[in-house]
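Undergrad: Sequence:
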Amino acid sequence: MRSAFKHDMSQSIKSSRSPGHDDVSLEAERIPPTKELRERLRALSADMVASWSCEGLPVEVKSNDGLRKKAEELVLRANADSSFVGWTMVTILSEVWRYRIASTAAGQRLLLLPDCPLAQESVKDENCPSVCGPSCGIGTIWSAAHDSGWVVDSTRKAASAIGSLLSGQYQGILGVARLKDLEKAFGMLPAFSFPVAAVPYQSVGEFENTVDTCDQAILSAGIDVEWVLSLLGVAGGSPGPVGDHLPLLREASELFSQESIADLASRYNLGHGFGSATKVVGPTTESEGASLAVTAP
Numbered sequence: 001m002r003s004a005f006k007h008d009m010s011q012s013i014k015s016s017r018s019p020g021h022d023d024v025s026l027e028a029e030r031i032p033p034t035k036e037l038r039e040r041l042r043a044l045s046a047d048m049v050a051s052w053s054c055e056g057l058p059v060e061v062k063s064n065d066g067l068r069k070k071a072e073e074l075v076l077r078a079n080a081d082s083s084f085v086g087w088t089m090v091t092i093l094s095e096v097w098r099y100r101i102a103s104t105a106a107g108q109r110l111l112l113l114p115d116c117p118l119a120q121e122s123v124k125d126e127n128c129p130s131v132c133g134p135s136c137g138i139g140t141i142w143s144a145a146h147d148s149g150w151v152v153d154s155t156r157k158a159a160s161a162i163g164s165l166l167s168g169q170y171q172g173i174l175g176v177a178r179l180k181d182l183e184k185a186f187g188m189l190p191a192f193s194f195p196v197a198a199v200p201y202q203s204v205g206e207f208e209n210t211v212d213t214c215d216q217a218i219l220s221a222g223i224d225v226e227w228v229l230s231l232l233g234v235a236g237g238s239p240g241p242v243g244d245h246l247p248l249l250r251e252a253s254e255l256f257s258q259e260s261i262a263d264l265a266s267r268y269n270l271g272h273g274f275g276s277a278t279k280v281v282g283p284t285t286e287s288e289g290a291s292l293a294v295t296a297p
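Position 241, counted from 1, in the sequence shown is what the working numbering calls 241; the numbers after and before it change by one each time, with no gaps.
Hints listed in this document are in silico derivations from the structure and should not be mistaken for laboratory results.
Predicted model, so just to flag it, every value in this text is computed and none were measured.
Each residue gets a CB set at the ideal place from its N, CA and C atoms; glycine is no exception.
Be aware that a few hints might be false.
[What the hints assert, rightly or not] Once the Cα atoms are required to be at most 20 Å apart in a straight line, the calculated EDC-like pairs of lysine to aspartate or glutamate come out as:
(1) 35 <-> 212
(2) 62 <-> 47
(3) 184 <-> 65
[Stated by the list, open to error] Cβ-Cβ distance ranges computed for the label pairs, FRET-style:
(4) 66 <-> 213: 38 to 44 Å
(5) 167 <-> 34: 36 to 42 Å
(6) 215 <-> 51: 33 to 39 Å
(7) 263 <-> 51: 28 to 34 Å
Build the full structure now, drawing on both the sequences and the hints.
TA: Next comes the structure, spelled out in structure tokens:
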């Protein structure tokens, strides 16, 4: 029975790959090397997912081929390398599920964490990730998640975690795992069929440069701590980088420009003093004559 299960899973992985990508190995997929590029692709992913909020998830995105095409569009818009498409696919999936997973009842959402890249030895409890010290970024994530009602386990338990999701033990999973492992795991599940979010990372052996500190190692691995905290819904984590509010803010700020205030005063006969700053000098009030201008971000 176990061999039959493995056969079914391998067939699922093969069938989930795009016909046009059969000759592309998983090793060809890479993680964006800089935090700035990762944030750019996350912002584009967040904006794309936000555009689906009214009419729902497009039908074509629910297939792996359709999801890959959307990811390719975002990578092209960011002028990034095509090897980041797989990473972007995972990011889109995570954006779709992030709020549902974070709002799941305590004890029903699972976080899978890897060992810190600089950890010297594994902990005795194989369910816990290894950390390099008291200020370790992985330890910070573990502590914040644990205090917020998440069940925290080691990425080494990823296979059994998928089984726990299918059996209904958990209502959502957030996994920090290697990109090639995530692609295999997502290949076992139809796209968007279960609430699973993920943060891909690369192992120490894949680093291009030598790292000396935990912060450098985690950043080089592609794990942005504040991003993981935001996916956890933890207070203090930076919000998702949705950029579609900026045009509205700029338009609103223009309402307080000198020209806009003068136009309002003229339109509604409010007089020349409207919008000017004033100060009190003894029993009288003087007008400063300065408009309440606001600079757009």
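Undergrad: Please list, smallest to largest, the hint numbers that this structure does not respect.
TA: Violated: none.
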